[in-house]
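Keeping their order, the protein sequence lines are chains A and B. Just so you know, we're using our numbering here: the first sequence kicks off at 1 and counts up by one. Just so you know, we're using our numbering here: the second sequence kicks off at 1001 and counts up by one.
Treat the hints as calculated values from the structure; they're not laboratory data. Fair warning: there could be bad hints in the mix.
[What the hints assert, rightly or not] In silico EDC-like cross-links for lysine to aspartate or glutamate, where the CA-CA straight-line distance does not exceed 20 Å: (1) K1068(B) - E1018(B); (2) K56(A) - E69(A); (3) K1024(B) - E1109(B); (4) K52(A) - E1109(B); (5) K1024(B) - E69(A); (6) K56(A) - E15(A); (7) K68(A) - D55(A); (8) K56(A) - E1104(B); (9) K1078(B) - E1062(B); (10) K60(A) - E1062(B); (11) K1068(B) - D1057(B); (12) K52(A) - E8(A).
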Amino acid sequence: GNSVTQMEGPVTLSEEAFLTINCTYTATGYPSLFWYVQYPGEGLQLLLKATKADDKGSNKGFEATYRKETTSFHLEKGSVQVSDSAVYFCQGAQKLVFGQGTRLTINP
Amino acid sequence: DAGVIQSPRHEVTEMGQEVTLRCKPISGHDYLFWYRQTMMRGLELLIYFNNNVPIDDSGMPEDRFSAKMPNASFSTLKIQPSEPRDSAVYFCASSLGRVWTTGELFFGEGSRLTVL
């Protein structure tokens, strides 16, 4: 069946470091893929999405490219800030499950 | 526009008591989801509704849990009797249209339940 596998955390970085959180998928066809973010004390919110292969989603300095060759949708940011500390979830639209996510902590 | 509204934000109760969590989805959304989040299990889907009808309740942990959606603007999740292992943050989310293709869920801020 269709599923996504997300890099487990936690991840701790210093401010202005480069961030990559890995996400790979297995699917029949090319489902829409999403990254959600959960800030402390809040619900999840959509960060970015890509609805077809080769699409790039971007928001708030984050990017993810839907790569069919490597079946990946890795989340990247060139220079993280303390305010990016949160839990990040990769999700495929054909599943409504989120798992545990990747906890990111950015130190000043 | 108002987002998904949940109440209460925090609930502390004693084992054996009945707990009712409430959710008001975004107006016009036709899907409503209840999730539970714990450190051990992450975010688990409990049940979801389409046009007020329960579609899949396979994630509901046991008969102590029940959910209703009497109309398009209101849903409840009830736990009776509550147990300490039910302590978690419960999220309600809503979506418009075919979430399996559009994928975007709108989450409330959650109800943090502590059962002593």
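Tell me if the straight-line CA distance from K52(A) to E8(A) falls inside 20 Å. Distance ~25 Å between K52(A) and E8(A) Cα, so the pair is violated.
For the pair supplied as a hint, K56(A) and E15(A), confirm whether the alpha-carbon distance does not exceed 20 Å. violated, 24 Å
Is it true that the CA of K1068(B) sits at most 20 Å from the CA of E1018(B)? holds, 15 Å
Run the distance test for K68(A) versus D55(A): straight-line Cα separation, threshold 20 Å. Holds - the C-alpha atoms of D55(A) and K68(A) are around 10 Å apart, at most 20 Å.
Restraint check for K60(A) with E1062(B), where alpha carbons must lie at most 20 Å apart: violated, 40 Å
Would you mind confirming whether the straight-line C-alpha gap from K56(A) to E69(A) stays at or under 20 Å? holds, 14 Å
For the pair we were handed, K1068(B) and D1057(B), check the Cα-Cα distance against 20 Å. holds, 11 Å
Satisfaction of hint between E1109(B) and K1024(B), Cα-Cα up to 20 Å: holds, 12 Å
Holds or violated: K1024(B) and E69(A), Cα atoms, limit 20 Å. violated, 42 Å
Does the alpha-carbon distance linking K52(A) and E1109(B) stay inside the 20 Å limit? violated, 30 Å
Would the hint linking K1078(B) and E1062(B) be met if the CA-CA limit is 20 Å? holds, 12 Å
Given hint E1104(B) paired with K56(A) - CA-CA distance at most 20 Å: The given pair, whose Cα atoms are some 16 Å apart, holds under the 20 Å limit.
Checked against the numbered hints above, the structure breaks hints 4, 5, 6, 10 and 12 and satisfies the rest.
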